[in-house]
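Chains as they are written, first to last, in my numbering: chain A, 1 to 308; chain B, 309 to 571.
No lab work stands behind these hints, which were simulated from the structure alone.
For glycine and all other residues, C-beta sits at the position ideal for the given N, C-alpha and C.
Partial list, computed: chain B residues near chain A (C-beta under 7 Å): (1) L395; (2) T425; (3) N444; (4) D445; (5) P474; (6) A486.
Chain B stretches covered by chain A per the calculated footprint, using a threshold of three residues with CB under 8 Å from any CB of chain A: (7) 429 to 440; (8) 458 to 472; (9) 487 to 497.
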Amino acid sequence: MPGSRIPERLVTASEAVSVIPDGATVAIGGHTLRRHPMALVREIIRQRKRDLHLLGWNNGIDMDMLVGAGCARAVETSYVGMGPLGLARNLRRHVESGRVRTVDHSETTAIDMFRATALGVDFLPNRTPLGTDLMTYNDGLVEITSPFTGQTYAAVRGVEPDFVILHAHCADVHGNVQLDEANWGDNTVDPFIGRAGKHVIVSVEEVVSTDHIRANPRRTFLPREYVTAVVHAPFGAHPCCCDARYGYDQAELRRYQEAAGTAEGFEDYLADRVTSVADHWAYLDRVGVAGLLTAATAPSTIQGADAA
Amino acid sequence: MSDRISAGFTADEIMTVVTARHIADGDTVFIGTGLPMVAAYLAKATHAPGVALMFESGVLDPRPRSIAKAVGDPRLISTARRTSGMLDSLLMLHGGRVDLGVLGCAQIDRFGNVNTTAIGSYQRPSTRLPGSGGANDIASCARRHLIVARHSRRTFVERVDYLTTPGHLTGPGARERAGLPGGGPVGVVTDLCEFGFDPATREMVIATVHPGVTVDDVYAATGFDVGTAPDLHETPPPSAAELDILRTRIDPDGVYLKPNRNR
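With the rest of the complex left out, here is chain A (with noise of 0.2 Å):
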């Protein structure tokens, strides 16, 4: 609209995250395998970000990646693991070795301390933590009594991460971004991190007209009045899939974890896929054509890997 004060939130990987300080809160999107906003972990690594305090609720190689390379200083989720291919290699050195400190969740009380945030409250019940250690070691977990019926809950401590960044289908320049499909898969958990950041930055796979996010209202989980920034890197999960666009690029996945068995395996990858590349549009040169086409268009070999 000729006039319009709305403004342009656009800019590349490297603008976005420089302006992530050391030891920010940096909240991640997506699930296991599964759309994690890849792009940006690996702009983060690259830029030496260091004392992170990584949050998420069901997480996997987007953490497992920056704890290997030294961004994280504490993690906080249900979950950190490669699913059917197993343990987070990294993540295992760097807790056993006490270089990172981990602050463990259920799944659901990993997503309410965003929940109470988008809410604007600083704290919501639960009940699923209860009388387990996940109440002993985690200090955002506190048993509290409802006033209304004396009934013990745990009260789960909202969190307003400096940073949340995510991964996505499409935007406009505004930042009003969507998913292809409402409501599928993990869809409903992305929205409430999304709305419980001081900062929003969201990759996607297309810019797309604001036109075309009218067309489809349904489709955005989130408008711009939460995005702070959007930045258009396509194949920007690789290589995590990206619910109905692309699939598991499971050669490197599995390159992914065998490097990670060792820190001199891992050291390799990094330099190999991440530090020596100059930037995602570099990354998707390297890993070819023929790599991310076989990411996009391969059947599933990988059993259970949706699986938490």
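Position chain B relative to chain A; hints supplied.
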């Protein structure tokens, strides 16, 4: 193990069949992929045609023609009664609408408390595991749950190093005192036996031993003293019909049930 394979079925097959027998017709069952999903399909094909499978990804009650290869498999979405998302499926648990959940474990104690977080000390573990995922939510909120595990002294321990997922906590009344809504574990299915829980003590007791296994075999593989149920008997083996359905209809390619995946 070899004698049981020669007896006509594998460890995976008997664990699947015993798990399936816990599923009642009309149950809504919260499952992941793998053995529990196969067990739910078997129950549906045999004694429980009205069972509704509920997947964490939000798929409720699908009628797939062939077995799904992942929770997000499009095969699951066709003909489902509802598709939603993670939050919605977890809210069905919280709202008390799930009858049965089925879980795995890394460590388990006599009360059915499960550890999938850390072996050793929490902040400086000898092995860091993935954490709860949805397991804590399922065991806290489902009306009842079942644990499926391979039997060893490393897994069946006197005390879990970290209590990720609540069983009966410290015994009778402990779940209620803690404020947990679900009923807790009703059984533990292993490759050697099936445990129930003594109603008076909430401690695990051997309910049935699989064909070819002795009670002493179970004692030897269990890291705590365990009693036996008053009506201890041999696990009824998989029937020819159950094995035929598993092998020819549900998992003909051996995607989930490995023919030689022994202890």
